Each structure stands twice: as C-alpha cells, then as structure tokens.
Amino acid sequence: LYLYRGKFGNIMTSVPQPGPLGGIACVDGYDEKEALYKALITYAVDLGREKKCCLLTIITNPFAHDDALYKKFLSPEYELENFTQYIMVNEAFDAAHRPLYMKEGIKRNLDKTREAGIIIKDACANDIDPWYEMHKKRYEEFGAAHFKKELFLNIICKAVACGSAKFLAAYKDDKIAGGCFCVFSRYVIDYYLMHADGDYYINSGVNYALIISTSGGLWRYMIGDTVKFTSLNPFRIRITGRTRHFINAFG
Numbered sequence: 012l013y014l015y016r017g018k019f020g021n022i023m024t025s026v027p028q029p030g031p032l033g034g035i036a037c038v039d040g041y042d043e044k045e046a047l048y049k050a051l052i053t054y055a056v057d058l059g060r061e062k063k064c065c066l067l068t069i070i071t072n073p074f075a076h077d078d079a080l081y082k083k084f085l086s087p088e089y090e091l092e093n094f095t096q097y098i099m100v101n102e103a104f105d106a107a108h109r110p111l112y113m114k115e116g117i118k119r120n121l122d123k124t125r126e127a128g129i130i131i132k133d134a135c136a137n138d139i140d141p142w143y144e145m146h147k148k149r150y151e152e153f154g155a156a157h158f159k160k161e162l163f164l165n166i167i168c169k170a171v172a173c174g175s176a177k178f179l180a181a182y183k184d185d186k187i188a189g190g191c192f193c194v195f196s197r198y199v200i201d202y203y204l205m206h207a208d209g210d211y212y213i214n215s216g217v218n219y220a221l222i223i224s225t226s227g228g229l230w231r232y233m234i235g236d237t238v239k240f241t242s243l244n245p246f247r248i249r250i251t252g253r254t255r256h257f258i259n260a261f262g
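Those letters in the sequence shown? Residues 12 to 262, per the working numbering, in order.
One thing to keep in mind: the hints can contain errors.
If you anchor each label on the Cβ, the simulated ranges turn out as follows [claimed, not checked]: (1) D78 with L204: 31 to 37 Å; (2) C168 with T254: 44 to 50 Å; (3) Y54 with A106: 47 to 53 Å; (4) N137 with S242: 32 to 38 Å.
It should be emphasised that the hints constitute simulated quantities derived from the structure, not laboratory data. None of these values were measured; they are calculated from a predicted model. Every residue gets a Cβ at the ideal spot worked out from N, C-alpha and C, and that includes glycine.
Let's have the full structure, built from the sequences with the hints guiding it.
Right under this line is the structure:
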C-alpha cells in the first residue's frame, strides 16, 4: 500500500503508477482464501482510517477472478472497470515461428529493425558495463538520476540466473545500442528499464511525430504535432507542423 499526502486529503492505493496489476495475490489451492482476503482488506481499511485517508483504492488482479471477495469485504463506493490485453505466447506463432496476428505498425517496425542491422539476443554479465554506461547517458540526457550498478548486477546474478528474468540487448555493428530486462511472473512479462542509445535514433533536422504513451507503452496516442530537434545536448525541439490537416475535436 502506498500513501500520498495532500492538502485536500490523504490517498492510499495498492499500486503507485498506472498499470494492470495490483491488489492481493494468492497461491492456487489455498484453502483459507476468503479469510485471507478479509484479513488483508480489513487491515487496509483500518490503516486508511488511521492515516486519515479520504480515499482508498485497490487494483484487482485481472487473472484471479476475485472481484466478489473485494465487493464482499471492501464494499467499495465506486468501481472503475478496466481491462488487460494479453496474448498466450504458445498460441501467437505458427510452426515457422512467425506471428499469427500482428498489427501493421509492429510489422513495419520489425522490418525497419532488420533493415537497420539491429540484432536482439540474450546478453551476459560481460555486457553490463557498456549497457550501464548507456543507461547513465540516457538518464543524464533527461536530467534524471540514474540507478546504481548494483541493482542490475543483482538482477543478473539472482533473477536471470534462476530463469525468472532475461537481460536482452540490441546490437548494432557489434555494439550495444539498446536493451532491457524482462521479468517473468506467472502470466505477465514486465519490460523493465528499456533503453536505447539516443545516437542511433535521434537526428537533428528530421521531422518526428509526437506520441503520448503510458509508462509501459501499452496505450499510445498520436497527438498530431510534428517536431524537429534543434539540439541534442541538451535536447531542444521546435514544433514544425501537423501530421494531418485537421484536429479531432473529441480527443
């Protein structure tokens, strides 16, 4: 549970950022599931009262089908329905390992990747140094504090070594141009710290379309404006026009 203090009242929530997962996780076959939910939800409600919260929100697990237990013990005054899009990996490819259903935009991006000579493969501990230097460079370009190297070493030594995560790297001319960590849970693959070297995909004087995205990139919206980078260090842009000659009045 995360507590946010504000001048209009405190808020407690089960997840700190937009995303599909949160709430209570319970192992399959647990006999006292109802008692477990009652204890945890009651604790959350009592804690919210103790912290003088005006709002308590709990995001449910989209794969657990446990809505009835939340309604029974939380008695929410407001419910917001959302959905999670997922693909069963064993059903997503044909016998030749080609994707069975793929949007044209994804196909186009894959074709561009192949044409650019980008190769994606499992990275190893020896790749952590050049990847970490790229991580620091990207965060410094955006004026943000980078993570400590020990974090990535622990992920490789503990999560990757036991098969619960992968360290993927994108190579261009035998040099790391990008990469990310894929952390596996029972039903979900979470892409963690996905980075790409700005030298490979940002050019000054080129028109780029602006896209607003959620933190994980699942939802994206092209707002219609185009920009050019007038400087890469520091980043500076100039609005150059529109992708279309009309504006959607309804967003």
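Quick rundown of the hints versus the structure:
1. D78 with L204: 31 to 37 Å: holds (32 Å)
2. C168 with T254: 44 to 50 Å: Cβ of C168 to Cβ of T254: about 45 Å, so the range 44 to 50 Å holds.
3. Y54 with A106: 47 to 53 Å: Taking Cβ atoms as reference, Y54 and A106 lie about 50 Å apart, which means the hint holds.
4. N137 with S242: 32 to 38 Å: Given range 32 to 38 Å: holds, Cβ gap about 34 Å.
The structure fails none of the hints (numbered hints given earlier).
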